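Enquirer: Protein chains in written order, with the working numbering: chain A, 1 to 197; chain B, 1 to 394.
If you are wondering where the hints come from, they were derived from the structure by calculation, not from laboratory data. This structure is a prediction, so every number in the text was calculated from the model and none was measured. Where a beta carbon is used, it is the ideal one built from N, C-alpha and C, also for glycine. A portion of the hints provided could be inaccurate.
To be verified - Stretches of chain B that chain A covers, calculated by requiring three or more beta carbons in the stretch to come under 8 Å of a beta carbon on chain A:
id, segment
1, 123 to 134
2, 209 to 216
3, 360 to 370
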Amino acid sequence: MRDTIEECERAGHAEGLAAGLALALDGAGAAAAPGRLAALPRAHVPEGAPVVPHALAEREGIAFVRPGTGGALPPGRLTALGARLAAARLGTSRRLIDRVVAHVAARASGGEPLIRKQLVRGALADALVTVETTRRTLVVAAAVGAAVTEAHDRLTSLDWELAKLLGASGYAGEGAASTAFVSRLTANCWVSREGSP
Amino acid sequence: MNELPGEPPHALPHALRRLAEGSRELAAELRDIALAVDADPHDSAPLRASSALELLRVVGTPRPFRAHAVPAWAEPYVDSRLARVVANVELARGDAGALNACAAPSLAGFTVDALGDSDQQKAFYEELANERPWTFFGMTERDHGSDATAMRTRLDPDPSGGFLLHGAKRYVANAARGTIGVVWARTGPTPLSLRAVVLRRPAPGFTGAPLETLGLRGACLGEMAFDGVPVPPESVLGRHLPASRRGLWGANRAFGVVRLQIAAQALGSAFALRDAVRALRPGWAGHAPMSARLAAARALLYDLAAESDARPDDRRPPSLAKLHTAALAVEVGRWAEAALPPGSLVEHPLLEKWCRDVGAFEFMDGTSNILRLTLAPETTPRRAPHRAPHQEGS
Ligand SMILES: Cc1cc2nc3c(=O)[nH]c(=O)nc-3n(C[C@H](O)[C@H](O)[C@H](O)COP(=O)(O)OP(=O)(O)OC[C@H]3O[C@@H](n4cnc5c(N)ncnc54)[C@H](O)[C@@H]3O)c2cc1C
């Protein structure tokens, strides 16, 4: 499992969300999704499959597809898929960290680079801790559904804490917040939760 | 939680309860155009056709300058910060994106109120009444956001009379479609030399372009460039004021109102998300802890708005309000996601949209870090910290 997790993180980091998702799915198609929509790499969508249009996702090479009939994955395999997807998302979060560090190093406020502001340093330090703890969680608890779900929630929160550091430049344009949002929507399609209807 | 979905909040004077109820009715109309505004915020047809937006435009205009009367329930809106907060929570509960598409005086209006002389105010509001334009407020630049006092846009004397404006602004609402607004520029090196000018479009050398935005797309963010735009002396605000109050410090009070309004819109959006979960899970009692937090946030926001009415120069009550509600709204989006089945976000376009929208409040009128710096005590307080007068940046 460790190798697969590492591989998914590497793909997410080096090649982006769609590539990470492709690895995480490991051949699973839309029918495997636990809910009424599956997130697939655009390139994997079968011809004629009913796609829900979503401009932001399209930009990331992701499509939302109605699963049609077929059985969702059994819980154990779905949890393993969720862990691989979390690893891919972790890779994209690390991309975001790279971008944020470059941004706050180059930007000044009150004559001082943002990267030297203590609140910014604190946020970046917390982000690094989240990366390391989430990675270990995915290695040691890839079979524990609730732990994997929590890892996804932490990644959603991490991405937003990072996107905030980009200011409006991350929220506007084809900004980082939009990539992070598609990452969240993708997880929302594949992660099932205890207690939700 | 025993609050019924349609029930007006408790502990408000009768006039404000009526304002809340009236706002709630308008909110339903905002909801009707929410997805259309998000899909194509630059399509003015649904906006011009909306009677709710038309009413809000006039409600948000100071009484002496209104083109027509407003219903009695809406009258208190301009009387206090608390009233604005009460109304904005309810309106944003309909849809904050559509609310931000309103062609209202907004921040440009507050600035003209604070810094304009009576002729400038009259000219500005007459144009608003006649043309019903979208307005812009240009402060942020590509390289200077929180650090706005370091802005580079310049207002230089024009040898042939008046001034010339050079520079650019970015992430400004209505930057491309607004035909009148306020732009900040510097006349010299110090923060005291920042001045606001009223700008109209078209003008030679004045261009603008829209920017894609993740959420709150009704605000129509964009960028503006000024290549020697002529500015007549009568368009420079604050001429009649002492040097210390002509610029940013003179407008400080207005910024407090806006911060509270944004805090209210964040909370209204959070309520909208909670309401959506309740509608999708009828009979589910699990929303109670979050509903309690939202009710508490509303009580806090009302208290802070009332405090701010009493001490309009104290930047801390509005800062505390926005610091809390902007984060809470993002959190409620995640809570909604967790409370619903997989795939629900894309499946329910309003939910998806509101999860994008709530991020915007972080950046509008002070990021969370800037609010933290405003709020944190700098010394051992002699009096209770929330009682001490304080100004941001002082
Ligand atoms: C929907 C929306 C509408 C807007 N409307 C307008 C408008 O109409 N007119 C207008 O002029 N602008 C507008 N803005 C821009 C907004 O005012 C800026 O985004 C805001 O001032 C922050 O500036 P910035 O984006 O450049 O971020 P920056 O100031 O570059 O901040 C980047 C990050 O660094 C942090 N940071 C900055 N300084 C410090 C510090 N001293 N200590 C610790 N951390 C710090 C910030 O919290 C943030 O996380 C709008 C933005 C949005 C998203």
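Enquirer: Against each hint, give a clear statement of whether it holds in the structure.
Expert: Results for each hint:
no.: 1; hint: 123 to 134; verdict: violated (count 0)
no.: 2; hint: 209 to 216; verdict: holds (count 5)
no.: 3; hint: 360 to 370; verdict: holds (count 6)
Going down the numbered hints, you'll see the structure goes against just number 1.
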